[in-house]
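Visitor: Work the whole structure out from these sequences, hints included.
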Amino acid sequence: MAHYRAPESKREQFRRYLEKSGVLDTITSVLVALYEENDKPNNALDFIKLHLGAAGPEPGDTETLRMELADLQQKFNLLMEENKELRNRLMQYEPTSEDGAAE
Numbered sequence: 001m002a003h004y005r006a007p008e009s010k011r012e013q014f015r016r017y018l019e020k021s022g023v024l025d026t027i028t029s030v031l032v033a034l035y036e037e038n039d040k041p042n043n044a045l046d047f048i049k050l051h052l053g054a055a056g057p058e059p060g061d062t063e064t065l066r067m068e069l070a071d072l073q074q075k076f077n078l079l080m081e082e083n084k085e086l087r088n089r090l091m092q093y094e095p096t097s098e099d100g101a102a103e
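Heads up, the sequence shown is in this note's numbering, so the first residue is 1 and it goes up one at a time.
In short, the hints are calculated from the structure, not lab data.
Quantities reported herein were computed from a predicted structural model and do not represent experimental measurements.
Just so you know, not all the hints are guaranteed correct.
Quick list of in silico lysine-lysine cross-link-like pairs, DSS-like style, CA-CA up to 30 angstroms [unchecked claim]:
1. K20 <-> K10
2. K10 <-> K40
3. K40 <-> K75
Label pairs and their computed distance ranges (CB to CB) [what the hints assert, rightly or not]:
4. P41 <-> S21: 24 to 30 angstroms
5. T62 <-> S29: 24 to 30 angstroms
6. L50 <-> M80: 47 to 53 angstroms
7. M91 <-> G53: 32 to 38 angstroms
8. M91 <-> L52: 27 to 33 angstroms
9. D61 <-> L18: 53 to 59 angstroms
10. E81 <-> L34: 48 to 54 angstroms
Positions of the beta carbon are idealized from the N, C-alpha and C atoms, including for glycine.
Guide: Structural data, given as structure tokens:
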């Protein structure tokens, strides 16, 4: 009696694909890390996401970072204006190298 092997063949192809691309090794290492954790996390899925690099910053963290970025951008702009002003004042008191060479 002949058995239909197509689904098993597809499964085997997919398994080889995952193995060749390194997915199986990565998932295995994350699961081993979870297994070896002394204090098991409450949410295993979050642990896996974090160790796979899929977990992004928390929404609250994102807002905090945006506020910090806006604050730093404002400080940067103020410092650039101050730098420009100080350079202009310095140019009044120091001759440029071209002016000094002409004298």
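Visitor: Next, verify each hint and record whether it holds.
Guide: Against the structure, the hints:
Restraint check: the Cα-Cα separation between K20 and K10 comes to about 15 angstroms, which is no more than 30 angstroms; the hinted pair holds. The hinted pair formed by K10 and K40 fails the criterion: a straight-line CA distance of about 36 angstroms is larger than 30 angstroms. For a cut-off of 30 angstroms, the pair hint linking K40 to K75 is broken: about 43 angstroms separates their Cα positions. Between P41 and S21 the beta carbon distance is about 27 angstroms. The supplied range of 24 to 30 angstroms therefore holds.
For the pair T62 and S29, the beta carbons lie near 28 angstroms from each other, so the given range of 24 to 30 angstroms is met. A hinted range of 47 to 53 angstroms for the beta carbons of L50 and M80 is inconsistent with their spacing of about 38 angstroms. Against the hinted window of 32 to 38 angstroms, the Cβ-Cβ separation of M91 and G53 comes to about 50 angstroms, which falls outside the hint. A C-beta distance of roughly 55 angstroms is found between M91 and L52, which places it outside the suggested range of 27 to 33 angstroms.
For D61 and L18, the Cβ-Cβ distance of about 32 angstroms falls outside the hinted range of 53 to 59 angstroms, so the restraint is violated. In this structure the supplied range 48 to 54 angstroms holds for E81 paired with L34, their Cβ-Cβ distance being about 52 angstroms.
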